[in-house]
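Engineer: In case you want the letters, here they are:
Protein chains: 4
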Amino acid sequence: MTAPSKTIRSDIAWSTSDEIVVRGKSLPNEILGHLNLGDMAFLQLTGRVPTAPESAVFNALLITLVEHGITPSAIAARMTYAGAPESLQAAVAAGLCGLGTVFVGSMEGASRMLYDALPQDALPQDAGEADLDAIARDLVQRYRAEKRILPGFGHPIHKPIDPRTPRLFAIAEENGMAGRYVTLIQKIHAEAETAAGKPLTLNATGALGALCCEFGFPWKIVRGFGVMARAIGLVGHILEESERPMALNIWHQIEDEASRHARPA
Amino acid sequence: MTAPSKTIRSDIAWSTSDEIVVRGKSLPNEILGHLNLGDMAFLQLTGRVPTAPESAVFNALLITLVEHGITPSAIAARMTYAGAPESLQAAVAAGLCGLGTVFVGSMEGASRMLYDALPQDALPQDAGEADLDAIARDLVQRYRAEKRILPGFGHPIHKPIDPRTPRLFAIAEENGMAGRYVTLIQKIHAEAETAAGKPLTLNATGALGALCCEFGFPWKIVRGFGVMARAIGLVGHILEESERPMALNIWHQIEDEASRHARPA
Amino acid sequence: MTAPSKTIRSDIAWSTSDEIVVRGKSLPNEILGHLNLGDMAFLQLTGRVPTAPESAVFNALLITLVEHGITPSAIAARMTYAGAPESLQAAVAAGLCGLGTVFVGSMEGASRMLYDALPQDALPQDAGEADLDAIARDLVQRYRAEKRILPGFGHPIHKPIDPRTPRLFAIAEENGMAGRYVTLIQKIHAEAETAAGKPLTLNATGALGALCCEFGFPWKIVRGFGVMARAIGLVGHILEESERPMALNIWHQIEDEASRHARPA
Amino acid sequence: MTAPSKTIRSDIAWSTSDEIVVRGKSLPNEILGHLNLGDMAFLQLTGRVPTAPESAVFNALLITLVEHGITPSAIAARMTYAGAPESLQAAVAAGLCGLGTVFVGSMEGASRMLYDALPQDALPQDAGEADLDAIARDLVQRYRAEKRILPGFGHPIHKPIDPRTPRLFAIAEENGMAGRYVTLIQKIHAEAETAAGKPLTLNATGALGALCCEFGFPWKIVRGFGVMARAIGLVGHILEESERPMALNIWHQIEDEASRHARPA
Numbered sequence: 085m086t087a088p089s090k091t092i093r094s095d096i097a098w099s100t101s102d103e104i105v106v107r108g109k110s111l112p113n114e115i116l117g118h119l120n121l122g123d124m125a126f127l128q129l130t131g132r133v134p135t136a137p138e139s140a141v142f143n144a145l146l147i148t149l150v151e152h153g154i155t156p157s158a159i160a161a162r163m164t165y166a167g168a169p170e171s172l173q174a175a176v177a178a179g180l181c182g183l184g185t186v187f188v189g190s191m192e193g194a195s196r197m198l199y200d201a202l203p204q205d206a207l208p209q210d211a212g213e214a215d216l217d218a219i220a221r222d223l224v225q226r227y228r229a230e231k232r233i234l235p236g237f238g239h240p241i242h243k244p245i246d247p248r249t250p251r252l253f254a255i256a257e258e259n260g261m262a263g264r265y266v267t268l269i270q271k272i273h274a275e276a277e278t279a280a281g282k283p284l285t286l287n288a289t290g291a292l293g294a295l296c297c298e299f300g301f302p303w304k305i306v307r308g309f310g311v312m313a314r315a316i317g318l319v320g321h322i323l324e325e326s327e328r329p330m331a332l333n334i335w336h337q338i339e340d341e342a343s344r345h346a347r348p349a
Numbered sequence: 085m086t087a088p089s090k091t092i093r094s095d096i097a098w099s100t101s102d103e104i105v106v107r108g109k110s111l112p113n114e115i116l117g118h119l120n121l122g123d124m125a126f127l128q129l130t131g132r133v134p135t136a137p138e139s140a141v142f143n144a145l146l147i148t149l150v151e152h153g154i155t156p157s158a159i160a161a162r163m164t165y166a167g168a169p170e171s172l173q174a175a176v177a178a179g180l181c182g183l184g185t186v187f188v189g190s191m192e193g194a195s196r197m198l199y200d201a202l203p204q205d206a207l208p209q210d211a212g213e214a215d216l217d218a219i220a221r222d223l224v225q226r227y228r229a230e231k232r233i234l235p236g237f238g239h240p241i242h243k244p245i246d247p248r249t250p251r252l253f254a255i256a257e258e259n260g261m262a263g264r265y266v267t268l269i270q271k272i273h274a275e276a277e278t279a280a281g282k283p284l285t286l287n288a289t290g291a292l293g294a295l296c297c298e299f300g301f302p303w304k305i306v307r308g309f310g311v312m313a314r315a316i317g318l319v320g321h322i323l324e325e326s327e328r329p330m331a332l333n334i335w336h337q338i339e340d341e342a343s344r345h346a347r348p349a
Numbered sequence: 085m086t087a088p089s090k091t092i093r094s095d096i097a098w099s100t101s102d103e104i105v106v107r108g109k110s111l112p113n114e115i116l117g118h119l120n121l122g123d124m125a126f127l128q129l130t131g132r133v134p135t136a137p138e139s140a141v142f143n144a145l146l147i148t149l150v151e152h153g154i155t156p157s158a159i160a161a162r163m164t165y166a167g168a169p170e171s172l173q174a175a176v177a178a179g180l181c182g183l184g185t186v187f188v189g190s191m192e193g194a195s196r197m198l199y200d201a202l203p204q205d206a207l208p209q210d211a212g213e214a215d216l217d218a219i220a221r222d223l224v225q226r227y228r229a230e231k232r233i234l235p236g237f238g239h240p241i242h243k244p245i246d247p248r249t250p251r252l253f254a255i256a257e258e259n260g261m262a263g264r265y266v267t268l269i270q271k272i273h274a275e276a277e278t279a280a281g282k283p284l285t286l287n288a289t290g291a292l293g294a295l296c297c298e299f300g301f302p303w304k305i306v307r308g309f310g311v312m313a314r315a316i317g318l319v320g321h322i323l324e325e326s327e328r329p330m331a332l333n334i335w336h337q338i339e340d341e342a343s344r345h346a347r348p349a
Numbered sequence: 085m086t087a088p089s090k091t092i093r094s095d096i097a098w099s100t101s102d103e104i105v106v107r108g109k110s111l112p113n114e115i116l117g118h119l120n121l122g123d124m125a126f127l128q129l130t131g132r133v134p135t136a137p138e139s140a141v142f143n144a145l146l147i148t149l150v151e152h153g154i155t156p157s158a159i160a161a162r163m164t165y166a167g168a169p170e171s172l173q174a175a176v177a178a179g180l181c182g183l184g185t186v187f188v189g190s191m192e193g194a195s196r197m198l199y200d201a202l203p204q205d206a207l208p209q210d211a212g213e214a215d216l217d218a219i220a221r222d223l224v225q226r227y228r229a230e231k232r233i234l235p236g237f238g239h240p241i242h243k244p245i246d247p248r249t250p251r252l253f254a255i256a257e258e259n260g261m262a263g264r265y266v267t268l269i270q271k272i273h274a275e276a277e278t279a280a281g282k283p284l285t286l287n288a289t290g291a292l293g294a295l296c297c298e299f300g301f302p303w304k305i306v307r308g309f310g311v312m313a314r315a316i317g318l319v320g321h322i323l324e325e326s327e328r329p330m331a332l333n334i335w336h337q338i339e340d341e342a343s344r345h346a347r348p349a
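For the protein sequence lines, the chains are A, B, C and D, in the order given.
According to my numbering, the first sequence is numbered sequentially starting from 85.
According to my numbering, the second sequence is numbered sequentially starting from 85.
According to my numbering, the third sequence is numbered sequentially starting from 85.
According to my numbering, the fourth sequence is numbered sequentially starting from 85.
Wrong hints could be hidden among the right ones.
Each pair may be met inside one copy or between any two copies, as identical chains are not told apart.
For lysine-lysine, the following DSS-like pairs were computed, each having C-alpha atoms within a straight-line distance of at most 30 Å [as the list claims (entries may be wrong)]:
no., residue 1, residue 2
1, K243, K109
2, K231, K304
3, K231, K271
If you are wondering where the hints come from, they were derived from the structure by calculation, not from laboratory data.
Let's have the full structure, built from the sequences with the hints guiding it.
Structural biologist: Written as structure tokens, this is what we have:
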């Protein structure tokens, strides 16, 4: 438990009768009409407006996380909406509750792994290829020796390439943001494939975890990008559920299957 | 309870080993690097990419809802994070659960009121001023006669003008989206002030509710815009809470105050 | 929005270094070892220990609501646990979020209907059969005329009798708590069947709603009994899910079915 | 991620038109009127009805966790209710979301520590005092050497004795359930005090963690007892909030304090 501060204070926003200020900027005059939603998320988290390259990469990062089809999260949200259609917000909340270690956790894990291997102030920003090669080799050997899973690698469907990964790296490259963390995870990828003797997918959460390191976001907040993006996606699922419901069908189908063994013949 | 469909089917997204399609568009090739996060939300909900004017107005609409300071929602999220810092997603979920009828509900209520008074196909798009005047007058008289509150009006702090309202209308105007629903709520505003004999704030939720009608969004999904935007804002609060915590201080202060009367002197 | 009180004050519990008091009773000395969990719930809500008959009926009321099989609520909880097994509490929370108007709402609705038809102070406690007959007849006629559904009636499986209903009424009878609200809902049942000309199930939520009125609980809190009981049931589902998981199987099965139409052949 | 089973199957409950079976027992005929709510929770989790001594201890265990005053969890629930009073279930859910590692986690941690030190099948049930002395001494030395906190020890208010702890142990003793795990945590307590050279509170979560081990519950489900019990407590808080609200007062007080530094003088 972090020691509490002495005071109750927030620096995010304040307002008076005729002004609303978020992160030091006038919401009506300096934010509305000037930023897009991804930029606003960046401002909310960092306290500053992103540069154009940062805006391009950060918007792509968040967009990647919006929609993943009929996931456990989407099913939970739809089930909840079926029982409480008057509480759309609770359906989204239920869907978000499952964004934990199993799914979104690998993005967080990739960022943490990269920061652990290469702390932000550990090497000069122009660390040479040789340095990064050594770090990647050591890391892969250590994970293999400890039989640990590399976060951000592997995918049940997208084999051998997750189509989001090269696209995210290309966007980072175009915007001058494919720095040493992107290079490092690519070297880890190569080392891991060599060590395994077969192709291994560097998945989107691995690529996104590396981008989060390029921005310098603390790994503890990385999961939050998945949470905010998926909130958007889940509202889309609830809208579809309200127009073409599937939740009650799922319920009846699963309940029947789950209790079939117990019912009298 | 809506009658369930015969099938379990979603048209939002699907994927194969080398492709991910969201709303009919290739995520890697047609979405990433092409859209901003607000556009992606629009695509997720409507199935199409917004036009440039739609993008400007829709991004402004969502951004307005991201951050409102230390609200009950932010306090709930921070309290939850203090108890379960390992579950950032659950803290955001807890904060979203309170976005119900009392706060976010007025935006939904404004949209519903406007659609009830002026159904989308009720008048030609170029309905004359006289038509809208009559609708506004009737509506205000009816609400007053029934002692109902006009959703989207009044504000405890922003008096007599909510600074977001004129800005949102200006952005709509610049983008050719200040149509008959914006005009109608402005006329309702004027009628209500005349009837009350004093200034009355047309607040941001009223303005946003009118913009939702301009887009033609079903009123039942309007609350969802508040939910998705606030999810972004709450991640910001949790990041600040992780760096400068206030939750435990709030707890101790409130617990002490709440039980002071009961403790032995 | 209820007007806020002037003070921040709670009368539920307080503690000192060597004492913990809940609802005026010493937790260590007067509660632990003296009450069962249902009695504790009664004490927490009413501020007093139930009598033996009240304890019998109230425990039965809550127990009825603990477990309903593989419901949407249980599916949502299991889906959430699959994604965040480290946050058992968030899985239960997700499952509870759907206990809204569609499912648990009918118990609340039954209580509200009975209170509306027969306010607590409207008739002497020994109101005659004739009075209750008239109230039941009027109510059924009015609901039919307004084409409203009678809350607490009908069931997709338990036809013509919900086996919980006669048992709950028998327990109430044995404990002297089958008063005028139980009689009234039974008369409504008879009137509704006569009017419909066919059998109609008086379901468990109808019986429970009547029992809540016998206790005099405000209808606004009736849903809370479903929430607290189901929390117990959901922990059971999560324990089973941890030992014999079904969530990922459900996911794969539903996702495949939902997107089959979209995948290339 | 646990490997999914091949089938979708639950053994908790099933029903036919005239029967409802929970954990192999007829809900109407064998459960209602026969069990109290704590017994029902035991049945739901273990698949069997508790013996009378088990019932006494298990009910006490759960009751201890129902109510802890104006906690962060209660504040989150009240804040949520203030925004969405129509969704009582979402307010309870929000309050539960924070029952994570910081608060409820110590009960789970105590169980886990005890099982790690003394696996269920490691010693004969009548393991001698000398065996348990050695285990306790080793454990305290190891935790001190590794500078780890002993879960279940220490309390900010209840010093030097948490009044729940001796009462819970007495109830276990009276019911023949104060076995080797209770003895072990008491020996750990004594060793820890000797090592520290000062009194150290064995708090309620430590005592409850030991009782969970006496029952043989897997440590992964221990947190669930806190979750189910607190759901009851939170409904009580929401009832009080509906009758004498404090949430909006807390909001205004905290918002004012948090943003005071930023407002123009």
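Engineer: Does each hint fit the structure? Answer for all of them.
Structural biologist: Checked hints:
For a Cα distance limit of 30 Å, the shortest separation of K243 from K109 across copies, 21 Å, qualifies, whereas the shortest one inside one copy, 45 Å, does not. Both within a single protomer and between protomers do K231 and K304 lie at most 30 Å apart by alpha-carbon distance, with minima of 24 Å and 24 Å respectively. In this homomeric assembly, K231 and K271 come within 30 Å of each other (Cα to Cα) only inside a single copy, at 19 Å, whereas the closest approach across copies is 37 Å.
Consistency with the previously given hints is maintained throughout, with no hint failing.
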